[in-house]
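Based on these hints, arrange chain R on the given structure of chain E.
Listed below are the residues making up each chain.
2 protein chains.
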Amino acid sequence: MIRVGILGYGNLGRGVEYAIAQATDMELVAVFTRRAPETLKIVTPDVSVVSINDVALWNDKIDVMILCGGSATDLPLQTPEMAKLFHVVDSFDTHAKIPEHFANVDAVAKEASKVAMISVGWDPGLFSLNRLYASAILPEGKDYTFWGKGVSQGHSDAVRRIPGVKNAKQYTIPVDDALEKVRSGINPELSTREKHRRECFVVLEEGADAKAVENAIVTMPNYFADYDTTVHFIDDVEFAKNHSGMAHGGKVIRAGKTGENGKNTHVIEYSIKLDSNPEFTASVLVAYARAAVRLSQEGVFGCKTVFDIPPAYLSTKSGVELRKELL
Amino acid sequence: MIRVGILGYGNLGRGVEYAIAQATDMELVAVFTRRAPETLKIVTPDVSVVSINDVALWNDKIDVMILCGGSATDLPLQTPEMAKLFHVVDSFDTHAKIPEHFANVDAVAKEASKVAMISVGWDPGLFSLNRLYASAILPEGKDYTFWGKGVSQGHSDAVRRIPGVKNAKQYTIPVDDALEKVRSGINPELSTREKHRRECFVVLEEGADAKAVENAIVTMPNYFADYDTTVHFIDDVEFAKNHSGMAHGGKVIRAGKTGENGKNTHVIEYSIKLDSNPEFTASVLVAYARAAVRLSQEGVFGCKTVFDIPPAYLSTKSGVELRKELL
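If you read the protein sequences in the order shown, they are chains E and R.
Using my numbering, you'd call the opening residue of the first sequence number 509 and step up by one each time.
Using my numbering, you'd call the opening residue of the second sequence number 509 and step up by one each time.
In isolation and in its complexed conformation, chain E is listed as follows (with noise of 0.2 angstroms):
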């Protein structure tokens, strides 16, 4: 059996905790917080509740440690952190900073022969894959990452700032136009505007101007400004009923071109529809963790991304097993 740690325990580290349980191969050690343990009640019973402070104690009672907090401020310093004392799995997902991530975290996993792996997930982690696969494949074509229809976490937090609000919530949804568009193979040009569009359901404070809100999130550079948004006002009740779910979803598209004179086309799609963005990210973390202790066993260690892994290594199965029933 696999021994799992889980350290930070929000919605992301929660569903960890259920997709150990479905891993016939991992059992769940312990639960590490920066909260006083005795204040965490966990879903599995008889798993120790430890504070982090404490984490160097378990050095050796645990194979792979499981990195549930946030990219902004969280993983930047506790992967390195941690690679030094565990093989490590965290869902980094700030794109432009994934270089400098990389680096640091290489460092001191080489130095500490750990294996670290980064950026897990579904993007970046499995949309980065099938665009890997995918523009290997097809190398004369052009990829279209689509996200949505899901709630943009930063986006919601954007709106909830305008005075005036006292909730909120922001869907990105790709424009079925859009869609179609790249389905067909054309490799159309796209602005922002064209790919995607934005719906947010808003309750207002008491006595807030709705127009004035409504036209301050339309125009809010950088985040609304390039888009065609639509604004929904909502009550309490309507809000909690159908706006408290972490639906998401997404879709990688890739045409590309074959043949005498590029005259075949081909299209590729990779979509998913999820009904929980944290419990499905936490799945893929949980089966890259499978991954990063078969890689130390072969005596690998560093910085790794999905990139690296050999398939094979996500599975329970044996590679007679793979054969047979899955190739």
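Each hint should be verified, as a subset may be incorrect.
Copies of the same chain look alike in the list, so a pair counts if it works inside one copy or between any two.
[Stated by the list, open to error] When the alpha-carbon atoms are kept at most 27 angstroms apart in a straight line, the in silico BS3-like pairs for lysine-lysine are as follows:
id	residue 1	residue 2
1	Lys771	Lys549
2	Lys703	Lys605
3	Lys650	Lys689
4	Lys657	Lys689
5	Lys825	Lys650
Please keep in mind that the hints were generated in silico from the structure rather than gathered at the bench.
Please read all numbers here as calculations on a predicted model, not as lab measurements.
Chain R alone, transformed into the frame defined by chain E:
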């Protein structure tokens, strides 16, 4: 530059030739054939066409040989034979015989210190990868593979063997209702008839009995009896105009559950739509030829499948580029 040879020059071999022309890190060195070399007209100028009998003389001039023969009789013999001399890639697609083929090829390749990639293409190949990734991530779920719309060579041949049939093409088509059920995440039980339907376009010999031919098709055991089959009778002109293409496609869909009592459902769908089945398969072969050479440079030998290959090995880009541009 990776020096590539092609063995066998039908539709697949010609597709490989076009795909190599798109690969900036590869050059086609020679095409090997069982035919008289001087009778073979290939696309690329200044490339040798060589008799298969002289293949051993090219041992040190070729880094990887792409085998473009058929799975029924060519590859079971050719792949082990060629793996004595070269790193090889084949598209062996008789699913039930993959374990046997793997064992035969593995023994030879290890003995000769060669990398032999087998069963590369889209199914087996990319579809297998998607079955593996999706099942590793969503272990409590079920996957479905749909083929088409596309031509089944075996079924077309079966129709052509019916007395009175001059020419025929058979299309395998996923049933829309089945696709919708699977995409909804309910993991339905689907019979053979419920998953795919079959459509035949038939040119009759003069004086043939259309009713009798139609009956012979739709009641044919194994091939058609378990399916809803539509038969269209057309003339030579329409056949040549509308049914000479090699379009194909298909989907791998997996739905799985996560979280508390499996309350959340996630659906992963991988879908391809191809203008030319052989050219697309060829493009996959060429990407894995690159991977075979990279593996050999690491001193890894033996028989491998798509499950064993780190995705990064398929790309011409470096790890730094991949992380920056695609992750």
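Review point. Of the hints stated earlier, which fail here?
Key: No numbers; nothing is violated.
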